[in-house]
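Take these sequences, add in the hints, and give me the full structure.
Going left to right, the sequence shown walks through residues 26 to 551 as the working numbering numbers them.
Among the hints, erroneous ones may be present.
What the hints assert, rightly or not - Cut-off 27 angstroms, straight-line C-alpha distance, at most; resulting in silico cross-link-like pairs (BS3-like, lysine-lysine): (1) Lys198 / Lys186; (2) Lys198 / Lys79; (3) Lys293 / Lys415; (4) Lys186 / Lys293; (5) Lys374 / Lys231; (6) Lys374 / Lys416; (7) Lys180 / Lys374.
To be verified - Pair by pair, the computed Cβ-Cβ distance ranges are: (8) Asp437 / Ser468: 44 to 50 angstroms; (9) Glu377 / Pro249: 33 to 39 angstroms; (10) Ala398 / Leu530: 48 to 54 angstroms; (11) Leu477 / Val536: 51 to 57 angstroms; (12) Gln275 / Val536: 52 to 58 angstroms; (13) His443 / Asp487: 30 to 36 angstroms; (14) Ala401 / Thr298: 42 to 48 angstroms.
Hints in this document: simulated from the structure, not taken from any laboratory. These numbers were taken from a predicted model, which means no experiment stands behind them. Idealized CB from N, CA, C, for every residue including glycine.
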Amino acid sequence: MTLARVNCLISMDLCVQEQIGMYPQLSLYYDGVRVKSDVKDDFSLEGLSAYVDKAAHEYLLRKTGQSNATQAASSIAASAPSSTATSVSSTASTSAAASTAEPSSNTAELSIAPLQGLTEFGTAAVPNEAVLESYLGAERGQGPSFVKCTSLFAKLAVSVKGQVNAIAVDCEKYSDVCMKYEVRGYPTLRVYNNGNVSHYQSVRTKQAMLSFLQEQGVYTSLHPIRAQELDSELSHARVSFLYLSAPAAQADERNMVDLAGIEYDHGKLLYSTDPELLRRFPAASQKTGYSSIGSRLLVFKEYQSQPSAALELQTLSTNMQDARDQVLQWFERHGHERLAQVDGDSLQKTLENNLGQSVVLAVLGADTNDATALSAQVDSVRQLANSWSKKEALNADAALRFVWLDAERHQDLLERYHVDIAQVPKLLYFRPTDHTVVPYDGSTWLEQSAVLAWLNRVQSGDVVGGRYGSMLDRTISSVRSTGSEAGSLVQRHPLLVLLLVVVGLLMIPRVRRAIRPVAQGYRKLV
Numbered sequence: 026m027t028l029a030r031v032n033c034l035i036s037m038d039l040c041v042q043e044q045i046g047m048y049p050q051l052s053l054y055y056d057g058v059r060v061k062s063d064v065k066d067d068f069s070l071e072g073l074s075a076y077v078d079k080a081a082h083e084y085l086l087r088k089t090g091q092s093n094a095t096q097a098a099s100s101i102a103a104s105a106p107s108s109t110a111t112s113v114s115s116t117a118s119t120s121a122a123a124s125t126a127e128p129s130s131n132t133a134e135l136s137i138a139p140l141q142g143l144t145e146f147g148t149a150a151v152p153n154e155a156v157l158e159s160y161l162g163a164e165r166g167q168g169p170s171f172v173k174c175t176s177l178f179a180k181l182a183v184s185v186k187g188q189v190n191a192i193a194v195d196c197e198k199y200s201d202v203c204m205k206y207e208v209r210g211y212p213t214l215r216v217y218n219n220g221n222v223s224h225y226q227s228v229r230t231k232q233a234m235l236s237f238l239q240e241q242g243v244y245t246s247l248h249p250i251r252a253q254e255l256d257s258e259l260s261h262a263r264v265s266f267l268y269l270s271a272p273a274a275q276a277d278e279r280n281m282v283d284l285a286g287i288e289y290d291h292g293k294l295l296y297s298t299d300p301e302l303l304r305r306f307p308a309a310s311q312k313t314g315y316s317s318i319g320s321r322l323l324v325f326k327e328y329q330s331q332p333s334a335a336l337e338l339q340t341l342s343t344n345m346q347d348a349r350d351q352v353l354q355w356f357e358r359h360g361h362e363r364l365a366q367v368d369g370d371s372l373q374k375t376l377e378n379n380l381g382q383s384v385v386l387a388v389l390g391a392d393t394n395d396a397t398a399l400s401a402q403v404d405s406v407r408q409l410a411n412s413w414s415k416k417e418a419l420n421a422d423a424a425l426r427f428v429w430l431d432a433e434r435h436q437d438l439l440e441r442y443h444v445d446i447a448q449v450p451k452l453l454y455f456r457p458t459d460h461t462v463v464p465y466d467g468s469t470w471l472e473q474s475a476v477l478a479w480l481n482r483v484q485s486g487d488v489v490g491g492r493y494g495s496m497l498d499r500t501i502s503s504v505r506s507t508g509s510e511a512g513s514l515v516q517r518h519p520l521l522v523l524l525l526v527v528v529g530l531l532m533i534p535r536v537r538r539a540i541r542p543v544a545q546g547y548r549k550l551v
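As structure tokens, this is what we get:
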């Protein structure tokens, strides 16, 4: 395609010859013949780009002798330039073949195999357009992506594996394919489902994209299981959630839990309507027996077959958005392991948890030559965490997070939290809401009854500790703990908040001078 610009004030004869009655005006010519499809209204960049791309596509079809009726493909929304394309398509429940064009005999014989992750077009799994069109058939999806988003789409593909096929198309390498599907710009994401195309135009986060797929009816975070499969599922993860849906539960409830599971995005969210499981784990108000009402969420830890906590969905808000927030908060409160190993980054994230939960940190492993000693220390802390969990089951406000840190591998962190390597193993209690740290000063290492009594005293406020972190850290954490819009702003843009604080401090002298009486500004000492 050739783009030519004419200044009608200079080349008036040409504009009169071509019947240009006003300007600006965009006219289209096919092989020297003007086409009556001038752009008259939308002169935005997006509108002009769409017009030119559509014209080029129609010209290509005309030159190859193909009609729009047999070759037209669904549109792909443009967003920003890139060199990689990513596609998402729902998986067919049975082998099927489909095409946007009239299929050849070879294409019709193709069957769709579920893809195991983000799959590049041109590779063995999707080698050519015939196979691509099979995935874009009755149940299909396709959409280019930004090259820097490749890792994001790869993670997305792992999450949707088994439900949605993810296909990547490099629009620089396969420009003809992207032109065929009218890719006007990229990155962009679209979903084909039973021949219907949907465009993704929101933020590029995994949770947002999963929510979009859920809205299109091609993805769910809920993994259905039967009673006989529960023990096997619990053996695969230290923390597992189970949503038991009563027969009388409404579709809105299931959708609410599904969206909360997508936003939480930490492993499988098991789902069952099996009466045997409803009888095995009755609602607290029932104690025993089976009921057709009263759905609940259960959390299982450390591969145990009995839940460590439960949430009755009947107790939640009747507003579905508020109920989803309550479920998400419950996931975050109970979604951690009884005892987890941390490093510098994960320790910081644990201390900055959204719920402001207190954290018990065990600094272990002073002698790296004795692996048995380290294992024994870890086991003793795990036993402590298990003992404390029994109290949590009776009082949710007593919930603590137990983590441990390898002192030999992270000696730089010891100084930050004022721990002497000679004092390891060491136990510390952190209260993030006010940046308080309380070290355990027991004479013997982790005598269970003594430590449990100490934790009770600390939570009751009977033991006074010191402060950790800088003043800025404490200020940011205090804002985070409010759970307000300001706290959300700090989490998203900490550098911006820091800049605003600095500007505010610099403005103090100016403000003081402005409000001081004018006469005082001219006083002099004689």
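To see whether the hints hold, each was checked on the structure:
For the hint pairing Lys198 with Lys186, the CA-to-CA distance comes to about 26 angstroms; that is within 27 angstroms, so the pair holds. Using a Cα cut-off of 27 angstroms, the hinted pair Lys198 and Lys79 holds, with the two alpha carbons roughly 20 angstroms apart. Between Lys293 and Lys415, the direct Cα distance comes to roughly 25 angstroms. Compliance with the 27 angstroms bound is thereby established for this hinted pair. A C-alpha spacing of about 12 angstroms is found between Lys186 and Lys293, which places the hinted pair at or below 27 angstroms, so the restraint holds.
A hinted pair counts as satisfied when its Cα atoms are at most 27 angstroms apart, and Lys374 with Lys231 qualifies at roughly 19 angstroms. For the hint pairing Lys374 with Lys416, the CA-to-CA distance comes to about 25 angstroms; that is within 27 angstroms, so the pair holds. The suggested pairing of Lys180 with Lys374 holds, with an alpha-carbon distance near 21 angstroms, which does not exceed 27 angstroms. Separated by about 29 angstroms at the C-beta atoms, Asp437 and Ser468 break the suggested range of 44 to 50 angstroms.
In this structure, Glu377 and Pro249 meet the distance hint of 33 to 39 angstroms, their C-beta atoms being roughly 35 angstroms apart. Checked against the hint of 48 to 54 angstroms, the pair Ala398 and Leu530 passes, with Cβ atoms roughly 50 angstroms apart. For Leu477 and Val536, the Cβ-Cβ distance of about 52 angstroms falls inside the hinted range of 51 to 57 angstroms, so the restraint holds. The supplied range of 52 to 58 angstroms is met by Gln275 and Val536, whose beta-carbon atoms lie about 56 angstroms from each other.
Between His443 and Asp487 the CB atoms are about 22 angstroms apart, so this pair departs from the stated range of 30 to 36 angstroms. With their beta carbons about 44 angstroms apart, Ala401 and Thr298 fall inside the hinted range of 42 to 48 angstroms.
Hints 8, 13, counting from the list given before, are not met by this structure.
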